[in-house]
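Same order as they appear, the protein sequences are chains A and B.
Residue numbering for the first sequence follows our numbering, beginning at 2 and increasing consecutively.
Residue numbering for the second sequence follows our numbering, beginning at 549 and increasing consecutively.
Please keep in mind that the hints were generated in silico from the structure rather than gathered at the bench.
Just so it is clear, CB atoms sit at the ideal spot from N, CA and C, and this is done for glycine as well.
All the pointers check out, no bait thrown in.
Chain B stretches covered by chain A per the calculated footprint, using a threshold of three residues with CB under 8 Å from any CB of chain A: (1) 586-598; (2) 601-615; (3) 633-645.
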Amino acid sequence: AQSVTQPDIHITVSEGASLELRCNYSYGATPYLFWYVQSPGQGLQLLLKYFSGDTLVQGIKGFEAEFKRSQSSFNLRKPSVHWSDAAEYFCAVVKPGGATNKLIFGTGTLLAVQP
Amino acid sequence: DAGVTQSPTHLIKTRGQHVTLRCSPISGHKSVSWYQQVLGQGPQFIFQYYEKEERGRGNFPDRFSARQFPNYSSELNVNALLLGDSALYLCASSLDTTEYYGYTFGSGTRLTVV
Chain A
2 AQSVTQPDIH ITVSEGASLE LRCNYSYGAT PYLFWYVQSP GQGLQLLLKY FSGDTLVQGI
62 KGFEAEFKRS QSSFNLRKPS VHWSDAAEYF CAVVKPGGAT NKLIFGTGTL LAVQP
Chain B
549 DAGVTQSPTH LIKTRGQHVT LRCSPISGHK SVSWYQQVLG QGPQFIFQYY EKEERGRGNF
609 PDRFSARQFP NYSSELNVNA LLLGDSALYL CASSLDTTEY YGYTFGSGTR LTVV
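In isolation and in its complexed conformation, chain B is listed as follows (with noise of 0.2 Å):
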């Protein structure tokens, strides 16, 4: 079985531009969150999709956005990029949203603003 899957791995924008990252969950998993980490910090919360709605959503501004696709697959975009906006963006799938499960995170995209 092929585990959480994210693109691009690494990508270069500029201030101002826009950016979607994209993450297919494990295979009978419906659930995807979205996680930031900036280096030397632990990951923050960014959204979880459950049966492409919306269950939560952490302290980041409107310019980030997601949607879950009918397959479970997800994007996340970020619009008028700051220079905060690098990180490690992680991706994270489980069956539900129930804390029994847990989650398994990919491998990462990681995003630099210039």
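Bound conformation, chain A alone (with noise of 0.2 Å):
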């Protein structure tokens, strides 16, 4: 069966510093690839996708994701991190051509920024 790993449960950084959330998809074929971020309390806002072409994923809130088939990854990426990004992030999959386009999520990584 499809899974997500997403490896890092807790990062912290600092305000400023870069940041890479990983995430590693175990699949059959190279599914469709997503971000989502959750605010305390909120629901899932979709930061970037992935379905096919350049590797390289442009989301918003300045995040970019990289997708390496070899590797079955689609790490999420942000050059300067922002004190308001401190929130959870999950990485999910969805299977191209199903009947329904059902998402799988990984468990999350919850970030902290420090001043």
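Since each chain comes alone in its own frame, lean on the hints to assemble the complex.
This is the structure we're talking about:
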């Protein structure tokens, strides 16, 4: 069965530092890939998505992600973190061509930002 | 345009009771999906409805049921509540069931079972 792994449960970075959140997927074919952000007590907001084409994807709030087929990875990056980026981040996949577009989520990475 | 709206935002129920959660999708969206997010976990898919028909069901017991109305709003029902049903229940709407459009999520209903 397909799965998504986010190996880092909790990450702390200093404001202004760069950020990389890891995501690996296990799937027979290349799925569609997503990153969502969840602020405390809120729903999920889509940061970016990858379907095909250019493997470097730009998203909102200055985030980008790179798809690496050979590593089954879709890591999220930001060159300079702001205090408002503190939140939980979820990587998710969708099976292409399925009967539904249900998302399969990783367990999330909680980002804390130090002043 | 209003986003995805869910009601209530919070509720507390006793074990064995029944609960109904409601969701109104974005105008024009015909698909509604439900997810359960237990504390410390990623959301888990429960149901997807499109044009009032069930299109997908996750690995949840029959105590969980849902339906979609002609105006595309949806209800999630959970019977015989267990402590383990305590979670944030998220509703998401999309234009249809294809992957290209993705979801817009509501802020969720926080259910506490005591």
